[in-house]
Amino acid sequence: MKLNAIDERLLETIADLHGVPQGAYNIRKNGDLLSRLSTQNIEIVSKDGKPGIDVLVRPGTKNESVHIPVLLTASGMTDLVYNTFDVGEGSDVLIVAGCGIHNPGSGAAEHDGIHEFIIRRGARVRYVEKHYGEGEGTGERILNPKTIVTLEDGAYAELELVQIRGVDSSRRITEARVGRGAKLVISERLLTHGRQVADSIISVALEAPEASAEVLARSVAQDSSRQVFRASLTGATKCRGHVACDSIIMDSAEIRSLPELIATSPEAELTHEAAIGKISGEQVIKLMSLGLTEKQAIDTIITGFLR
Amino acid sequence: MLRIDKVTVSGDNGSGEKVEILDNVSASFDSGKMYAITGPNGGGKTSLAKLIMGIYRPSSGRILMDDRDITDSNITDRAMMGIGYAFQNPVRFRGLRVRDLLNIAAGQEMGGTRTSHRENMERFLRVVGLCPRDYAEREADGRLSGGELKRLEIAMMLARDPRIAIYDEPEAGVDLWTFERLLEVITNRQKNKKDGITIVITHNERFLKASDEILLMSDGRIQQQGDADEIWPMIRDDVACRWRASCGGELDEAECYR
Ligand SMILES: Nc1ncnc2c1ncn2[C@@H]1O[C@H](COP(=O)(O)OP(=O)(O)OP(=O)(O)O)[C@@H](O)[C@H]1O
Ligand SMILES: [Mg+2]
Chain R
1 MKLNAIDERL LETIADLHGV PQGAYNIRKN GDLLSRLSTQ NIEIVSKDGK PGIDVLVRPG
61 TKNESVHIPV LLTASGMTDL VYNTFDVGEG SDVLIVAGCG IHNPGSGAAE HDGIHEFIIR
121 RGARVRYVEK HYGEGEGTGE RILNPKTIVT LEDGAYAELE LVQIRGVDSS RRITEARVGR
181 GAKLVISERL LTHGRQVADS IISVALEAPE ASAEVLARSV AQDSSRQVFR ASLTGATKCR
241 GHVACDSIIM DSAEIRSLPE LIATSPEAEL THEAAIGKIS GEQVIKLMSL GLTEKQAIDT
301 IITGFLR
Chain P
308 MLRIDKVTVS GDNGSGEKVE ILDNVSASFD SGKMYAITGP NGGGKTSLAK LIMGIYRPSS
368 GRILMDDRDI TDSNITDRAM MGIGYAFQNP VRFRGLRVRD LLNIAAGQEM GGTRTSHREN
428 MERFLRVVGL CPRDYAEREA DGRLSGGELK RLEIAMMLAR DPRIAIYDEP EAGVDLWTFE
488 RLLEVITNRQ KNKKDGITIV ITHNERFLKA SDEILLMSDG RIQQQGDADE IWPMIRDDVA
548 CRWRASCGGE LDEAECYR
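Same order as they appear, the protein sequences are chains R and P.
Just so you know, we're using my numbering here: the first sequence kicks off at 1 and counts up by one.
Just so you know, we're using my numbering here: the second sequence kicks off at 308 and counts up by one.
Just chain R, with the same shape it has in the complex (with noise of 0.2 Å):
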């Protein structure tokens, strides 16, 4: 596999990866397979006649990952892809996956891409998927996930969406179900600043007794961005299920935040906090008077809030 200095920069912002992974791993770069490895208990193979992978997990494989970047560094492409993962009961995984966009051209550069999750009874998954754009050229970069989780009973899934930056126009979408006993977790974590646009649309069915689900997001909007935030929880049985959207607004930036919770049950308890405010103004004055300007008071405070 040949990676050259722009791949392995997106490989490192987005996947923490110095390099080629540990584990199995499906790099994919500008619609076509870099490089792939499946392990005893991981098995990568293509999906026929569409593009895309199916990502089988043997039940009961722990403390393995799975790493699936995509890189995109070329103008005027949409690359689109389908992935399913099946993760084996009673197993225990790390799932990494991310987009990372160098767009060095006028053309957009655009990734949409599908991820479906099946995690069987008792398993367990922590996702994490990172976007990232760049590039010098003047063509947009464009981002539109979708996620769809299944959680069997028992099951535990943390989802972890970051977009820091450099994407121009992103829309993800994220559907769960989760079973009796099951768990999910959903931290977002989003900052946009420019034109750029983002809108994340959750949506959590919580279907059998005992369901759990929390939703937690942070974001900030700089200059003239938009972001829009939409979580909605339906509980239709004994379940438990709570949304927090906290966002910082700064400039002349715009955000919506949408939290919504549907009942069908007397016995299901949902809540939601939203809370959009300015930077703290006492927050950037303490760091001024540790010595840090202004600048690098309100990047550290955004670091902090977004960490």
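Keep in mind that the hints were calculated from the coordinates and are not lab data.
Worth double-checking, as some hints may not be accurate.
Incomplete in silico selection of chain R near chain P, CB under 7 Å [unchecked claim]: (1) T84; (2) G88; (3) R171; (4) I173; (5) E282; (6) M288; (7) S289; (8) T293; (9) G304; (10) F305; (11) R307.
Think of the CB as a built atom: it goes at the ideal place given N, C-alpha and C, for glycine as much as any other residue.
Using the hints provided, position chain P with the ligands relative to the given structure of chain R.
Relative to the frame of chain R, chain P with the ligands by itself:
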């Protein structure tokens, strides 16, 4: 030397009327000395500290540090010149850990991992009685108790190690044992710093007595300044301040609770 020369700071009282928060204040602080500022609540002590740190800007007057006019320099510049201020009400930070704040205070990159940085950071925590193992990784957010946060505020001052250190009620909210420690740390630090100036805003007798000089502030003015042993009895018995602190002599209401 730090000199405040005929400074007035104005604000508004919330209903649009202009008020003088500091009213033609002059004071000077010599290197090598520890000063205590006391006086009734609302007298202008915190405002004077904010003026020195550059947080409040004067509408008239000058601030001089070693004869250099620093009236127009901003907060960052003053921090860089060696002025430090430990807030009366410390600020909470979500997302920043105790060790991040100490590293920033010490002028080191956030998240810096060099061993020397870590050892330093841990030392400052231990000095204020916060065990590094329990506190270094905690967020400096709403979950720290009032006294813990106050101790962190003082640890940041020690990490910063400024030439002019202003502590705003370091005793407020800290437990008896930590108080003893802070009193000792703050006074010893000044003793070991020949060109340093320590200013402690306080309502505590022990801090007043440990200082070289005391300033009494009320109504946005410095009413008295002098050697601690001379001035302490006068301040304790100050009729005007007692009158102010008891709402113009209306003690009847308080008597109901006897
Ligand atoms: N930014 C401001 N705008 C308007 N008024 C202010 C402002 N800051 C302080 N003041 C007023 O100035 C007066 C002095 O406040 P300051 O905080 O300096 O008092 P203090 O001596 O520190 O009191 P305490 O002992 O309670 O801490 C108060 O009446 C306060 O309301
Ligand atoms: Mg005060």
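Against the structure, the hints:
no. : hint : verdict
1   : T84  : violated, 35 Å
2   : G88  : violated, 35 Å
3   : R171 : violated, 27 Å
4   : I173 : violated, 27 Å
5   : E282 : holds, 5 Å
6   : M288 : holds, 4 Å
7   : S289 : holds, 5 Å
8   : T293 : holds, 5 Å
9   : G304 : holds, 3 Å
10  : F305 : holds, 5 Å
11  : R307 : holds, 5 Å
Of the numbered hints stated above, those contradicted by the structure are hints 1, 2, 3, 4, listed in ascending order.
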